[in-house]
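Just so you know, the sequences run in chain order A and B. For what it's worth, the numbering used here labels the leading residue of the first sequence as -14, then goes sequentially. For what it's worth, the numbering used here labels the leading residue of the second sequence as 748, then goes sequentially.
These are calculated hints, taken from the structure and not from any lab test. There are no misleading hints in this set.
Below, a list of computed lysine to aspartate or glutamate pairs in the DMTMM-like style, where the Cα atoms sit at most 20 Å apart: (1) A:LYS111 to A:ASP25; (2) B:LYS749 to A:ASP10; (3) A:LYS43 to B:GLU761; (4) A:LYS114 to A:ASP24; (5) B:LYS752 to A:ASP0.
Just a sample of chain B residues kept apart from chain A, beta carbon distances all over 10 Å, derived: (6) ILE791; (7) GLY793; (8) GLU801; (9) ARG823; (10) ALA837; (11) TRP950; (12) SER954; (13) LEU981; (14) ILE985; (15) GLY986; (16) PHE993; (17) LEU997; (18) ASP1015; (19) SER1016.
All of these numbers come straight from a predicted model, not from anything done at the bench. The beta-carbon is built from N, C-alpha and C at its ideal position, and this holds for glycine as well.
Spelled out from the first residue to the last, the chains are:
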Amino acid sequence: MDNGEINFRRFLSGDENGMAELVKDYSDSLILYLNSYVDDIYIAEDIMQETFIKLVLKRTKFDPEKSSFKTWLYTIGRYTAIDYMRKNKLYKIISPDDCREPESGFDTEACLLKNERNQILYNAMKTLKREYRQALYLTYFEGFSNAEAADIMKKSKRQTENLLYNAKKALRTELERRGFVYEEL
Amino acid sequence: MKNYKERTEYIINEINRRTENKRKKRAAMERFTYLAACLCFTVILGCHVFGQLESIKKTPLMKINSAALSELPDPRSVNDISAYVSQIIAITSPDKTGIYSEKGISQAYIAETQTETAPESKKITEEQAHTSLSAIPYTAKTKANEKSTVISKKLSAVTNVNTCAANSPSTVKTCISRIPTATDVTNGNEGYGGDENGCAYDWNDMSVYQKFDTIVFNGITYLTYGNVIYPESLAEKIGDATAEGFDTLLNETHYTNAEIFRIENMPDSQSIAVRFEDHEEYYVYTGINN
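So here's chain A without its partners, still in its complex pose:
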């Protein structure tokens, strides 16, 4: 039983500190992940809160043997984001040419990233396709395995691996364009 599940069960048994711990542990990373869907950090924050609410109200669907708490949380987050996009018709096809340059000045997302390396990577990822961003975020920033990322994104493992390969390639090109070299990519 991981830490997230323990806190979740604490909250279900009536301890509100359990929810506080969950929010502290997962809310920032979940906002960044959801931002890759909606491209709005404030909307992503709302979706994150909605995700935690659904987590409690639909707790019967959680199966600890099937997936970890974090995987389950991100899966619900993804569905919540998709629901939001569907309701607000935010689905749009973005070609690589449409990808915008990161805005200069104060970057809200940067506050959520702990170190400079991640900030550089996150900013570079913003120019990538949405699916590339999501796959890279799950594996590089959240440390999910390929299988877990595939489970969250509801793709096969092979599809996820191909997606990650192309995403890395695109990210490397973007970083090189910005003058950075990352050997691990």
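Following the hints, complete the assembly by docking chain B onto the known chain A.
Chain B only, in chain A's frame:
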């Protein structure tokens, strides 16, 4: 951007609010279901009661026009009994459909009028009409004793005429079955001198054992069911007796002579054989004092 505490508070408050809303919705649904069930039950009950009331309203109660009834001729002077009965029915049935109805107290005492004729004689002859009218004195007398009204006497006397098929196919038996009155019901006296079918046969049409079904001999009362015994089974003559019969239609008593015989291997107190005057048959009579 909110801090962790604000996010947590928002999430917990929202969870509590939604849970409360869900609980209220469920309670409201339960109330609605209960009210809907009550409403359905009330509607069903109302339909049932209303249907009952409607069926009672549709049931025709017999209304007798007393004035018209008093204008009817005396039944004893009527020759065509079927026409007279039709006249009665026309008066007592407002909707001209008949005097029968299934419910209501008044219908309980409406006599059933039915006519059954033997295949050989479909028409009611003058003689049969006379036969039926012969019952009037009995009915009238009984009614007088019961202090009934004249109208009810006429009605009951005529509407209770049952023309029944007789034992002999060549004749038509006219039987009178009197209406059980309220007095009869109160006194438990529902018998009225007929057979088990409610028919009192004409005296001349009855067999001798039917006329004299009871004989008293040597202090013992004997009854017969019409069984005949062969002369070979008789022992010896043990005496003579005078049998007494009562004509319930004419209210008359008849007498006849009879010879009493002992039956072989049978004690006198148990069974005897009786031969009536002018008859050849030996009828078995069984003692009822044993």
